[in-house]
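Chemist: In case you want the letters, here they are:
Number of protein chains: 2
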Amino acid sequence: MLDWDHIFATRASRMRASEIRELLKLLDRPDIISFAGGIPDPELFPDVEFKDAYAEIFSGPAVSAALQYSVSEGYKPLREWLAKQMEKIGIPAGVDNIFITSGSQQGLDYIGKLFLSPNDTALVTWPTYLGALQAFNAYEPHYDQLNPGGNRTPAAYAEAAKAAGGRVKFAYLSADFSNPTGETVDRAGRERVLDLAEELDIAVIEDAAYQSLRYDGEAIPPILALEIARKGDINHTRTVYCGSFSKTLAPGLRVGWVCASETVIRKLVLLKQAADLHSSTINQMAICTVAERGFDAQVAKIHRVYKHRRSAMLAALEKYMPDGVTWTKPEGGMFVWVTLPKGMDGTALLAKSLETAKVAFVPGRAFFADGSGENTLRVSFSCANDKMIEEGIRRLSDLVRGEAAALAA
Amino acid sequence: MLDWDHIFATRASRMRASEIRELLKLLDRPDIISFAGGIPDPELFPDVEFKDAYAEIFSGPAVSAALQYSVSEGYKPLREWLAKQMEKIGIPAGVDNIFITSGSQQGLDYIGKLFLSPNDTALVTWPTYLGALQAFNAYEPHYDQLNPGGNRTPAAYAEAAKAAGGRVKFAYLSADFSNPTGETVDRAGRERVLDLAEELDIAVIEDAAYQSLRYDGEAIPPILALEIARKGDINHTRTVYCGSFSKTLAPGLRVGWVCASETVIRKLVLLKQAADLHSSTINQMAICTVAERGFDAQVAKIHRVYKHRRSAMLAALEKYMPDGVTWTKPEGGMFVWVTLPKGMDGTALLAKSLETAKVAFVPGRAFFADGSGENTLRVSFSCANDKMIEEGIRRLSDLVRGEAAALAA
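Quick mapping for you: the protein sequence lines, in order, are chains A and B.
Just so you know, we're using UniProt numbering here: the first sequence kicks off at 1 and counts up by one.
Just so you know, we're using UniProt numbering here: the second sequence kicks off at 1 and counts up by one.
Bear in mind the hints are in silico, worked out from the structure with no lab data behind them.
Bear in mind that the values here come from a model prediction, so they are computed numbers and not experimental data.
Just to be clear, a hint being listed does not mean it is correct.
What the hints assert, rightly or not - Derived lysine to aspartate or glutamate pairs resembling EDC-like cross-links, with alpha carbons at most 16 Å apart: (1) K231/B x E198/B; (2) K51/B x D52/A; (3) K319/B x D398/B; (4) K51/B x E56/A; (5) K231/A x D201/A; (6) K358/B x E390/B; (7) K319/B x E390/B; (8) K76/A x D96/A; (9) K231/A x D3/B; (10) K231/B x D195/B; (11) K231/B x D3/A; (12) K267/B x D5/A; (13) K301/A x D47/A; (14) K51/A x E56/B; (15) K358/A x E391/A; (16) K358/A x E390/A; (17) K267/A x D3/B; (18) K319/B x E391/B; (19) K267/A x D96/A; (20) K51/A x D52/B; (21) K267/A x D5/B; (22) K267/B x D3/A.
Chain A extracted, bound-state conformation (with noise of 0.2 Å):
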């Protein structure tokens, strides 16, 4: 065999398989109740509205562009449908302003891309979402903690990027129901990121991937919308919004989007030219026809679900956990963030979990930067039934128990 490592790039060796992707493999196993993935029910999907969609595009006038090459800033009645969205969340924004990309992870991807040099920081939330860490592993980052209810000064940060051989570029932080932890950031944390951003004279990059499922609980603005109202046009903004289709929707579309200052956009446009030309034409359609005609009710159709798994997994964790347990109260999203006592490892626990309690969750080491969080791990209630969650939280719950007892003794 080839011996290639001297032949891949540096970047090939931060290129590793994710723990997530392993597990879903274990979503398949009927034996196994799984809190792993991070998917939304197929269940769920709009797939009649969907359906006609399609037969409507091979039936129309539209089928050639459909099946044709495309621009790559997206198609145009998306990017409009959008600026019109974006602009009831208190973002106004006009069709420059957004940009269609492969999902929201092709977002993070080519935001690494536009702004991450070798050994430049990037600020991340300790945890963080997985899937953004590996997206900009592959512009060989270091990663600093961005800590929204934190105090350290801009110069602190700013020394210790200079001294990692590089610069802060941008804080990367998900403020609504974040996968993995399921919390929001209040205004207040918000603002404080922007002062930062401004302090700093770098990026902020707005993970909305699930703003859209807030299921109680006030609004609080995007962090593009707060710093519109700073600075009075999004064209003077430094916060790019990446939104997605994928947990509303449907995820096999590939289609999300970002939005930003023209400036931003410009560039991603001529980033995506290079990279993949653009985002599937129909796919793009499809999604704009479903949008269109029935968004509002599609979430609301989620919202009742998902709510209702939420709060069945909060009264289960609360009902089974030993003392010494500690989770997030998500008001919205998938996920439900689970602290265990000090000295447990989610990691064995999984490892332990699937032998006896049959119970499979994400561990939450791999949502931290600096590899700790040993004692975390993430449950995702969105694929649950009340059985699933009833049964599996208490299995859970017991191993658990008996592990933290062991551990005393």
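Take the given structure of chain A and dock chain B to it, following the hints.
Modeler: What follows is chain B alone, placed relative to chain A:
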């Protein structure tokens, strides 16, 4: 406005607008005869077959899977079909040697990402596919000239790359009916590229986007097939083959593939997982259905039409072009490459042509990594009917004759 330049990565300075893309805008002007694009004729899309394929997905048990997240390596039945297809062209490959990309452009981007660290060297032909240069540019390489007919020593390449601050990582070429020249590398040339790659210990990137568009002449084995003949097993080869459905079925679905040793495929899968998770599930299913049912018939249909257009364009060039102008005689593909008398400039000619002759083409310089090739241009016949070809080449030839005379005066 914010000054973004110091927030962007260094690579952002190499992201520039594409001449071809800007020119595509001209396709809509009805007074212009355009040979500028390089896109398939939408009249030839198998739209009825695609209509049926999507309708069947929505009527069958696969609808949830079609709309859901899927694996990064791609839809298995499509990978199986491709493995059989590769075998038909002399490349015995297993399903684990096949990786689905969002068009072959994404394959090129991922290959740049996998192999190129800043200041590494990529060997490319002079001229080469502009989209490959754009894809690779993001990874900040140097370029050196690959000449399959030449005799520059491996040591000379290695020394030049070292002087440039890195190492030669791969030789990239389109061996069949390349974009932009339409020319084919003969078997001896392919073997020499393999020899060079062996000596330099680098990868060979075989861009096979046009490989199935041969209209006459004898097929030459793909470079990957020749290397398997040497090594006995695809998993011992260094050639990475990039295929596309964009020229045969339809580009708007964004489905292509890479065929290579499992070591390379595994890395590409990890890279894709981090970059966009996977290509559109539903589109991979639709492509698979259409390919399984009638790939060969579709290719035969395209051959008939494009072969006629190719021949009409060569005849028109022969009939109208003045002495001192030469052009390639492609046995397939979509392009003819025209060399003007020395001293003429393709870009200046285009500006004049759009005003007076009303004919569009692509100036050749964009395809040269070193910015040479002033007196060359690319004309595409894929979307031109007899009348457009006759009239367009006549007008272009008249313009060239006048310019050449003015230059000689």
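Chemist: Would you check the hint for K76/A and D96/A, treating anything up to 16 Å between C-alpha atoms as holding?
Modeler: holds, 10 Å
Chemist: Hint check: K358/A vs E390/A, CA-CA at most 16 Å. Holds or violated?
Modeler: At roughly 14 Å apart (the allowed maximum being 16 Å), E390/A and K358/A satisfy the hint.
Chemist: Given the hint that K267/B pairs with D3/A, does the C-alpha gap stay at or below 16 Å?
Modeler: holds, 13 Å
Chemist: With the threshold set at 16 Å, check whether the alpha-carbon distance from K51/B to D52/A stays at or below it.
Modeler: Answer holds: K51/B to D52/A is near 12 Å, not above 16 Å.
Chemist: Between K231/B and E198/B, does the CA-CA distance stay at or below 16 Å?
Modeler: Distance of about 12 Å is within 16 Å: holds.
Chemist: With the threshold set at 16 Å, check whether the alpha-carbon distance from K51/B to E56/A stays at or below it.
Modeler: holds, 10 Å
Chemist: Within a Cα-Cα threshold of 16 Å, do K301/A and D47/A meet the stated pairing?
Modeler: holds, 13 Å
Chemist: Decide if the proposed pair is consistent with the structure: K319/B and D398/B, CA atoms, cutoff 16 Å inclusive.
Modeler: Holds - the C-alpha atoms of D398/B and K319/B are around 11 Å apart, at most 16 Å.
Chemist: Need the status of pair K267/A, D5/B: alpha-carbon distance at most 16 Å?
Modeler: Roughly 11 Å between the alpha carbons, so the hint for K267/A and D5/B holds.
Chemist: Going straight from one Cα to the other, do K231/B and D3/A come out at no more than 16 Å?
Modeler: holds, 15 Å
Chemist: Would you check the hint for K267/A and D96/A, treating anything up to 16 Å between C-alpha atoms as holding?
Modeler: Given that 16 Å is the threshold and the Cα spacing comes to 12 Å, the pair holds.
Chemist: Just to be careful, I want the Cα atoms of K358/B and E390/B compared with a cutoff of 16 Å; is the pair within it?
Modeler: holds, 14 Å
Every hint from the earlier list agrees with this structure, and none is contradicted.
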